[in-house]
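Generate coordinates for the entire structure from the input sequences, incorporating the hints supplied.
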Amino acid sequence: MFEFLMGVEFLLLLLLVGVSGATGYAANHLKYVGESESSFRIWLKAAKVGVYIGTALIMIWALDIMIIFVNYGWLFIMDRVLNLMPLLSLPAAIVLIFALPNLSRETNKKSLLFFIVSVHVMTVGVALAFFLVTIDIPAVPNTKDILIYGGALIISVGLLWLYHGRRLKVLENRLPRISIRIVRGAVYLILVFGVAITGLVISQKMSEFPDRMNMVHHHTADFGGGDSILDENTNPHHDSHDSSKSISVVELKGPQTDIPDKKYVLYAETKKIRLASGESIEAWTFNGQSPGPKLVANEGDLVEVQLVNKNIDSGVTIHWHGVDVPNGEDGVAGMTQDAVMPGESYTYRFVVKEAGTHWYHSHQQSSIQVQKGLFGAFIIYPSSQHETKTMDTTIVAHDWITPDGRNIPALDTADTIQRKMINSGTPVRLRLVNADNLTRTFSLNGVPFKVVAIDGYELNEPGTLTTSLLRIGGGGRYDIEFIMPDTAVTLAMLMEGKPIGIVYSPDGQGKQNVLDEGEILDITKYGLPAQAPFNTSTVFDRTFTLILDQTYFGVYNGEAGQQWVINGKTFPDTPTLMVKEGDLVKTTFVNRSFADHPMHLHGHHVQVISKNGKPISGSPLVLDTVNIEPGETFEVAFLANNPGLWMDHCHNLDHALRGMTMHVAYENIYTPFAIGSETGNSPE
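Each residue of the sequence shown is one higher than the last, beginning at 1 in full-length UniProt numbering.
Any given hint might turn out to be false.
Below, in silico cross-link-like pairs of lysine-lysine (DSS-like), each with a Cα-Cα straight-line distance of 30 angstroms or less [as the list claims (entries may be wrong)]:
{"#": "1", "residue 1": "271", "residue 2": "310"}
{"#": "2", "residue 1": "169", "residue 2": "372"}
{"#": "3", "residue 1": "263", "residue 2": "353"}
{"#": "4", "residue 1": "294", "residue 2": "262"}
{"#": "5", "residue 1": "525", "residue 2": "614"}
{"#": "6", "residue 1": "263", "residue 2": "294"}
{"#": "7", "residue 1": "498", "residue 2": "294"}
{"#": "8", "residue 1": "525", "residue 2": "450"}
{"#": "9", "residue 1": "420", "residue 2": "511"}
{"#": "10", "residue 1": "169", "residue 2": "110"}
{"#": "11", "residue 1": "272", "residue 2": "353"}
{"#": "12", "residue 1": "31", "residue 2": "110"}
{"#": "13", "residue 1": "310", "residue 2": "272"}
{"#": "14", "residue 1": "450", "residue 2": "353"}
{"#": "15", "residue 1": "450", "residue 2": "614"}
{"#": "16", "residue 1": "372", "residue 2": "498"}
Taking CB as the label site, the calculated pair distances span [unchecked claim]:
{"#": "17", "residue 1": "288", "residue 2": "511", "range": "31 to 37 angstroms"}
{"#": "18", "residue 1": "353", "residue 2": "272", "range": "35 to 41 angstroms"}
{"#": "19", "residue 1": "197", "residue 2": "288", "range": "44 to 50 angstroms"}
{"#": "20", "residue 1": "421", "residue 2": "207", "range": "54 to 60 angstroms"}
{"#": "21", "residue 1": "70", "residue 2": "197", "range": "38 to 44 angstroms"}
{"#": "22", "residue 1": "311", "residue 2": "1", "range": "45 to 51 angstroms"}
Calculated from the structure, these hints are not laboratory results.
None of the values given here were measured: they were computed from a predicted structure.
Glycine included, C-beta positions come from ideal geometry on N, C-alpha and C.
What follows is the structure, given as structure tokens:
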């Protein structure tokens, strides 16, 4: 319903642009009163009809906004009420209440001028409103925005009054020929397009990132209602070491001398891989395979991973998704390290504390490199776990791109139905990892099952499911358990067209039976409640509100197109959430866009407190990637217990590439690294 209501709003504003433009065109012709009485009346009638239709559209728009408010709340419409409504309603009210009745009583030069100017101001208001919805979204309205756009409307009144007043005086003495008016209109049109194109070119140039820039920007600091923690020594790219308080991210490392419990070497290299269907993929791989080798550790292990870049020209890193490593081990190019270039190596060392299903991937040009195959599973077993007969398997969902540009969804490298043998009575644990940029929906048919963990966190008393569908956002993970029956069980990733999945059966020859209809499992209502660190009555040290939105057109880093914004801004102008160690932090995510946004905070896990204003009623839910669907509001909380500079971004990585990236910054932490073409670092 939310997408429908927002779509209606866009269409109404688009219609308003057309109607107000046509109305302004008709009103402009009223200046040529010397042509004929009949011509004047025709244009006046057209202008009146346009005003009435425009007013009706504004009223329908206001009703649409009211419905959104009733169903989704103030945060979804506050910029519409405070910024757009005055721009749309005030000029329309002036035309209807003052200009139009006055013109109907007596058509003189003054009343005519008032009407023409009022109608054109109404057109300007509509154009500004459309601009604010499609290009420059003031998601969190402030006095500055109101003054800028309200001021633009007021200035337009003065300019239009001067222009049309002068034109009316000129036209009293002579009326230009039709040909001259056509030429004049064409010149104005060319000027408008010329100014627009020039503005676009200048905007593209101005939006280009510098060759070297800081990744964390304190000029956008948001303190969440807490004390300011900035001083003259606080600098995210602080190269001097004159302050004993300042700590570099390179100092925030895991144990460097102890003997590791698990040791791995990962070679990043290009290699062709073949999918189950026979399709050949030009992949970027770890150790010649994608997904890369499954890394396995036990809770409490010291893990050492050496990354060797054989031939990835743009450089690589490794980020440990879902593992709260020390900041210096986080693997973000330009913030915690430089990208590892061809022929170079880099070693990560950290103690693992988060048991469960996790994964790793490059965080250099991540929207490209993850898509090309630089990722793999990372499984951490609980220290208390004993050896069992459970069949434990990890399955990674991913979209592969062929050399001719086609997208091929697959489970690992299987883009067709696969068949595997499992003896009946065997306990089975399927670890589903979504390494894709899209939310994926899975079904399991043929056996009762439980979702026992999400993002590696074990759920409390999960209930038995039979027909529920599982939606996993980009970067998210679900662990499923069941007992293998005597009959076939079908795991499927639901897609349009041919099915993709795995059929498990005792003889390995089972017949597929895909469950493609069912109710999506609401994870906030699943399982049983239990004691958790946070709830709706917790008193927080800092609270943040983050509105996730989209522009329909804009410029970003030198390119024109759609952008994904946080509080109306794209990186590097998105908020930097400032915290101190020990703070209790609450963040409210509001998704006003048409797409899912799996928001991933590095270095921390967050506990979900509420969804759409209602406290969660199921098991405590601790996530590292919170998938927020259109029209949803999530409140999440975390303890600031891992000092550093941390990315917090949408894990639809193309959204992060187009602006939906921000950071959580602890006091007195700085980085010696930078991003930009000069540095070779591009983490997105």
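Taking the hints in turn, this is what the structure says about them:
Between the alpha carbons of residue 271 and residue 310 the distance comes to roughly 11 angstroms, so the proposed pair stays at or under 30 angstroms and holds. Annotation: proposed proximity of residue 169 to residue 372 is violated, straight-line Cα distance about 67 angstroms (limit 30 angstroms). Between residue 263 and residue 353 the CA atoms are separated by roughly 16 angstroms; this keeps the pair inside 30 angstroms, and the hint holds. Restraint check: the Cα-Cα separation between residue 294 and residue 262 comes to about 12 angstroms, which is no more than 30 angstroms; the hinted pair holds.
With a CA separation close to 11 angstroms, the supplied pair residue 525 and residue 614 stays within the 30 angstroms bound. For a cut-off of 30 angstroms, the pair hint linking residue 263 to residue 294 stands: about 13 angstroms separates their Cα positions. A threshold of 30 angstroms between alpha carbons decides the hint, and for residue 498 with residue 294 the separation of about 28 angstroms falls inside it, so the pair holds. For the proposed pair residue 525 and residue 450, the alpha carbon gap of about 14 angstroms is at most 30 angstroms, so the pair holds.
For the proposed pair residue 420 and residue 511, the alpha carbon gap of about 11 angstroms is at most 30 angstroms, so the pair holds. Pair hint residue 169 plus residue 110 holds up; C-alpha atoms about 11 angstroms apart against a cutoff of 30 angstroms. A distance of roughly 35 angstroms separates the Cα atoms of residue 272 and residue 353; the hinted pair therefore is violated under the 30 angstroms criterion. Distance hint between residue 31 and residue 110 is fulfilled; the C-alpha atoms sit about 11 angstroms from each other, no more than 30 angstroms.
Simply put, residue 310 and residue 272 have alpha-carbon atoms about 15 angstroms apart, close enough for the 30 angstroms limit, and the pair holds. Restraint check for residue 450 and residue 353: satisfied, since their Cα atoms lie roughly 24 angstroms apart, inside the 30 angstroms limit. The straight-line distance between the Cα atoms of residue 450 and residue 614 is roughly 24 angstroms, inside the 30 angstroms bound, and the hint therefore holds. With a C-alpha separation of about 23 angstroms, the suggested pair residue 372 and residue 498 falls inside the 30 angstroms cut-off, and the hint holds.
Between residue 288 and residue 511, the C-beta spacing of about 35 angstroms keeps the proposed range 31 to 37 angstroms intact. One distance hint, 35 to 41 angstroms for the beta-carbon pair residue 353 and residue 272, holds here, with the actual separation near 38 angstroms. Look at residue 197 against residue 288: about 49 angstroms separates their beta carbons, and that is inside 44 to 50 angstroms. Hint check: residue 421 to residue 207, Cβ distance near 56 angstroms, so the stated range 54 to 60 angstroms holds.
Distance hint check: the CB atoms of residue 70 and residue 197 are about 42 angstroms apart, consistent with the given range 38 to 44 angstroms. A beta carbon spacing of about 50 angstroms between residue 311 and residue 1 agrees with the range 45 to 51 angstroms that was offered as a hint.
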